Amino acid sequence: MISATRYFLRYAFSCAQVLRESGEMTQQEYDKVADAAMDDKELPLPELERLFPAAFRRLRSIAEREGKPTYDEQAVKEYFPRDHNGFIDAGDGTYGEAPAWFCELCKVKRLEVLRTKVVDDKLFLRVEQNRWVQSPFFNAITGDIVVVHHHYAVELVE
Amino acid sequence: MCLSIPGKITAIDGHRATIDYGGEVREAGTALLPDVRVGDYVIVSAKMIMQKVPAAEAKKTLQVWDETND
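Top line first, the protein sequences correspond to chains F and P. Reminder that position 134 of the first sequence reads as 134 in our numbering, one-by-one numbering, no gaps. Reminder that position 57 of the second sequence reads as 1057 in our numbering, one-by-one numbering, no gaps.
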């Protein structure tokens, strides 16, 4: 079974691109995150906390709401698929100023694969009329249900 | 690149598009969305055009981005 931090990183990887573009993450940090995500390697929890401060601030707020001293491994694993969209809908942090299309892109969604295409040995999945995602972690076929975040398919729904 | 910033297509040559990010010009493939046209605003990832963004929303985004980076 995939560890909580590796699972978190699969989802957070696409956020890293945004953080790099906004200058909140260096190219070197981004490359490290990208390599770890694509090669399914571990990044230590303290490093994830440093690189993705907004997600962990939200995890701490969830723990506080639930009367816990801090978040645990299970909470880290469940953050993106369970909690992330709620913070977007609430306009938390930068989401309060972000345009609607970007907020939708940031949401974790279960979508049906409408079409597949391989370009330069990379598998891409069409999941909406004008939206494709890359599928670096698993193969998928038309009709599959996948969980997407930004422009990546993160999980194949069994 | 440019997952968070829409770019404007300024030219298309075969399966490659030239995309302007406020003066910074990049190229990306059009194989996934071959119906894109010059003037469309798009999001690029993995050197491919992945998504079209409505022009009004894209312009608003770029305006906010410019103000943020002034």
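Calculated from the structure, these hints are not laboratory results. Hints may be right or wrong, so weigh each one.
What the hints assert, rightly or not - Among chain F residues calculated to face chain P with C-beta under 8 angstroms, some are:
| # | residue |
| --- | --- |
| 1 | Thr-116 |
| 2 | Lys-117 |
| 3 | Lys-122 |
On a predicted model such as this, the values are computed, not experimentally measured, just so you know. C-beta atoms are modelled at their ideal positions from N, C-alpha and C, and glycine is treated no differently.
Hint-by-hint comparison with the structure:
Taking 8 angstroms as the C-beta cut-off, the interface hint given for F:Thr-116 is violated, the closest approach to chain P being about 11 angstroms. Checking F:Lys-117 against chain P: minimum C-beta separation of about 6 angstroms stays under 8 angstroms; hint holds. A hinted interface residue such as F:Lys-122 counts as satisfied when its beta carbon comes closer than 8 angstroms to some beta carbon of chain P; here the least separation is about 6 angstroms, so the hint holds.
Of the numbered hints given earlier, the model fails hint 1 alone.
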